[in-house]
Amino acid sequence: MARRIVLRSEEEPDRPSSEDLTIDYEGELNPQQHAAATAGDGSLLIVAGAGTGKTRTLIYRLAYLVETGTDPGRIVLLTFTRRAANDMTARAAQLLDGRCEQVQGGTFHAFCLQVLRRHAPALDLPRNFTVLDAADAADVISVLRARGDYGDGEERFPQKKTLYSMFSAATNRDETLREVLTRRYPQYTGQLDALKQLRTEFRQYKQAHGMLDFDDLLERTLELFDTDDEIRRQVAGRCRHVLVDEYQDTNALQAALVKQFASVHGNVTVVGDDAQSIYRFRGADFRNIFRFPDEFPNAEVLKLEQNYRSTQPILDLANHVIDQADRSYEKELFSENEEGDLPALVPAADGEMESRFVAQMIMRLREDGVSLSDIAVLFRSSHNAYDLEVELNRRNIPFVKYGGMKLNEAAHIKDVLAHLKVAENPQDAASWNRILQLIHGIGPKTAQDLIEWTTEAADDPFVPGDGTPFSSRYVSRLKELLGVLRSIRDPDMPPSEQVEAVLDYYQPIFEEEYAEDYPKREPDLDHLAGLAANYQSRQRFLESLALDPIELTALDQEAAEDDEPPLVLSTIHSAKGLEFHTVFLIRALDGTIPSRHALREDDGIDEELRLFYVACTRAEQNLFISYPMTQYRRSYGEYMTDPSRFVDDIPEKVLEPVRLVEEDAPEAVEAPDEPEQLTDGTHRPDGDANKAEPPSRPNHDPSDADGLPF
DNA sequence: AGAAGGTCGTTTTTT
DNA sequence: ACGACCTTCT
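Each residue of the first sequence is one higher than the one before, starting from 4 at the first, in the working numbering.
Hint data in this document are derived by calculation from the structure and do not stem from the laboratory.
Bear in mind the structure is a predicted one, so any value in this text is a computation, not a measurement.
Be a bit skeptical, because a hint or two may be false.
[Stated by the list, open to error] SDA-like mimics (lysine to any residue), calculated; alpha carbons at most 25 Å apart, straight line:
#1 K306 - M356
#2 K448 - S479
#3 K409 - G444
#4 K523 - D371
#5 K164 - D196
#6 K523 - P494
#7 K163 - P511
#8 K417 - N340
Full structure from sequences and hints, please.
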């Protein structure tokens, strides 16, 4: 056989020959992916359907850029969550080497924060400005609302959370407040003037007291570039290449930011799928992805179409689902994986039965060798999973829930953090308000007076001056509080020590305030203290909690490290970008998905449909869509439900109906005193604990023609 | 007057 | 499980 000698092409000296590269890009990627990963400089749009290896391609592109000489410290990777960013750089590092870990980026918000910290003075902000999460921002608005005479009239004034949503919508969609009110909150249009004024006050307050909310992080970065071109050139100069994941979920501000970041070098790669845009409520506009070629006129556009994730039956369903949209989406997904069971549509009598079905199927899959962490239960909104959580706990099936309660949303955690926030920013009236009212004898009015005294009259907010009239009812506690604040005011004191100091003071308040259930909440406080130990400074600790909130249930799981990796429960939103062997989509009801709230707005239904599509396309092998046929509501009593309109017109050969049948044996008598031990990993012999509830057998007869598809 | 405590209704999705 | 609102207590 003749030996082959490869001649290098001398016409393209810039393009490194494949021999110089450590990764075999051509061999490891399909032709479309390969073209995308190894594209040259300039702007590149990758339109990629679900499961087509979008992330994989981006990772290879990252490695390729680094390998061909781009300084990794000058590559910016913008993702939707910090988890996604860490994931990608870790995978790229695995592929190539540690250099990939020097890649800059994270979420848009986190990256903007870095820029703003450096250039705060240019915006008249103190360098140690604080970051408000949505709840903090709502609290600030609430303080301002109480100060002014809003809501004293006959008309109902919006709640603090609603107020923040309105202001935020206006910012993120680049609309006026009037437009937002007309579109989404017509009942408040009569109070436009008062709302406008409150919004202005909110803006001024944040500026005067060194605070930025999430929207400000984006908006003010743009403002920074706009007011100081030198800074723009400097920042953009460090962005040799900008990579953006999930581009279909960017909003107007984020699209503008991408343009600014790329304004010096012009190298941008964005990846996205218009059919998976699910953040419209936050201002995302999937049309951004089609505007990209207009914003970057020489943009190359590449498509990824072959799905590597799911079986063809699952894709058939997904294609049927997305075909129901008003707007047509271009991609028809196809897979080479023809084999597979039909997706199943499973009506259950009620929510309890639905949970029992899911739990038993999970046990069965697990016994068939599917890892729990390769199974996901998805739902439209967090509370849809409450029933199931109870059932899983009863059976000792370990799970993590994404998209539920966050650690820093729990009231007792907010209490502790509010102390740190006051130490960090003594101007923070909302946090002062919270910690003062924790003291017995101080209510809204006294708190207000004390805050005025603290932030305006006193020389030092943490030193009680002479002649301040304190009531004896609370004076000793108040002095104790100020003492704690003084003891932790040094910004360089280790955050874990600060948390401990606050906890010493807070413990008696905590036990009184949450008298009924404080033992349940106590572990969270310990978690918080442990978490603080990972941070060098209070500022870092607080802003990290704000930008990257921690799932409450994830913490419980972390503790038990050697246990088997847990089952995943997740909102559909939080499951974006992930994939699982088996997916259960529960509560597939009309009014739930599509959400009843979506019906009011134009295009609302399409967004819900895309959400449903995202849920279906997470599945690799099995997909079960279930719903309860009856539900119970306190006010209505029991009532009949409607299945989601999205499954109404799907042919049975695409989505197979399944009937759940109770076993003849008195199985319904459950054995809660003998919950299955799943975590010890030992295999029970058949017929041992199985008497009352066979875990290896679902409730219906598997040999039944209506039985489950495996 | 102002704080505390109880009851009611309500709750999409997230950086 | 949370907040907004109303009632009762100091």
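Checklist line | Holds or violated: K164 to D196, with C-alpha atoms at most 25 Å apart | finding: holds, 19 Å
Margin query: Run the distance test for K448 versus S479: straight-line Cα separation, threshold 25 Å.
Written below: holds, 19 Å
Next item on the list: For the pair supplied as a hint, K163 and P511, confirm whether the alpha-carbon distance does not exceed 25 Å.
Entry: Since the Cα atoms of K163 and P511 sit roughly 30 Å apart, the hinted pair is violated (cutoff 25 Å).
Notebook entry, point to check: Regarding the pair K523 and P494, is the alpha-carbon distance no greater than 25 Å?
Noted result: Status violated; Cα separation ~31 Å.
Notebook entry, point to check: K523 and D371: Cα distance at most 25 Å?
Noted result: The hint is violated at about 35 Å.
Checklist line | Straight-line alpha-carbon gap K417 to N340, limit 25 Å | finding: Cα-Cα ~49 Å, so violated.
Item checked: 25 Å limit on alpha-carbon distance, applied to hinted pair K409 and G444 -> violated, 30 Å
Note to self: Need the status of pair K306, M356: alpha-carbon distance at most 25 Å?
What the structure shows: violated, 43 Å
Taken one by one, the earlier hints fail for this structure at numbers 1, 3, 4, 6, 7 and 8, listed in ascending order.
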